[in-house]
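**Student:** Can you make the complete structure from the sequences, with help from the hints?
If you're matching them up, the sequences are chains A and B in order. Heads up: the first sequence runs through residues 1 to 207, numbered per our numbering. Heads up: the second sequence runs through residues 208 to 384, numbered per our numbering.
Covered, in the sense of this in silico footprint (three residues per stretch, anywhere, with C-beta under 8 Å from a C-beta of chain A), are these stretches of chain B: (1) 305 to 318; (2) 321 to 330; (3) 338 to 349; (4) 353 to 365.
Hints are computed from structural coordinates only; laboratory data are not their basis. A quick note: this is a predicted structure, and the numbers were derived from the prediction, not measured. Even glycine gets a Cβ: it sits at the ideal position worked out from N, Cα and C.
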Amino acid sequence: MRHPCLLILAVYIAFINATELTFELPDNEKQCFYEDLEQGVKFDIDFQVIAGGNYDVDCFVSDPVNSMLYQERKKQYDSFSHTTTMKGVYKVCFSNEFSTFSHKTVYLDFRTGEDARLLPDMNGATALTQMESACLSIHEILKVVSDSQTWYRLREAQDRLRAEDLNERVHIWSIGEAIILFVVCIGQVLMLKSFFNDKKASVATST
Amino acid sequence: MIIGNYRTQLYDKQKEEYLPATQGLGMFVEVKDPDEKVILSRQYGSEGRFIFTSHTPGEHQICLHSNSSKFALFAGGMLRVHLDIQVGEHTNNYAEIAAKDKLTELQLRVRQLMEQVDQIQKEQNYQRYREERFRQTSESTNQRVLWWSIVQTLILVAIGFWQMRHLKSFFEAKKLV
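**Tutor:** So, in structure tokens, the structure goes:
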């Protein structure tokens, strides 16, 4: 379907506040994403399997001293939230090692920290006017709308890929069955004819 | 519009740490649109920034390969890639926009809301296009199942008739019937 093309072995997600990635996880492989975080930062991880096999994947999250914060096997989608207790490199790994031939397409959403400020010198120290706080609440609501659109897009992608796969399989197997039908029926007739030919010849020689 | 920033670091086995900036290591960036057509194909240095705009809705592929002929990534060699991809509304640099159009803070906030709503509308258009594709696929599956079932039944019946007729004439020729 799609050729795996992330040849890099370690991917750092360097971002202001959020990263969404859809990547392909080949069979029998593990892919990890790393992020350098300060102490006391809250981060959220959402992942969903969009295509491949049974639509499940193993997910592990570990902190800089390699202790597991989150460990789940064969999950289709999940959310995980954590506030960091130490500074360092946090690791999110996805494993498809239990699957022998199906590669998975996984969507990952990694959100961290606070929203970046609109302007560098905007700070929350001064009280906001009514207009500004109205704008801020609309902004938050629109973010929720955007998130639910993303969720909907993922569900739709999953169903559509499944339907396209089904379509292809119906097509291939129908053609295959028609060919098998022809071959078997004509083969039957020829074999039957060959029985009688042999018998006639053996009857002729025995008498 | 999509902006991608990346930075690479090569792992130094002797010092057991990642070198700050790798000289001579290039990354080849290739972006393909949903019809598998290449829209961006360029070689950048160990640090780079690529920008492209999507003209068709759908799944685009962003690939980064390293041309590691110079710094051969032997077994155990590792490359650390810092990747940052910003899409749509997030590509706007509001400080720049505020300075260029001379907007007050309130006007800037409203501008941001407008961008967000624009993004939501684009996503809704894309949703309509995807739903149409999904419906086409389902209808095609339905038609194929129907048509092939009819064809296979006809083949079965026709071959059955042919078999009986052929065998009957065969047995008559052999004077068994």
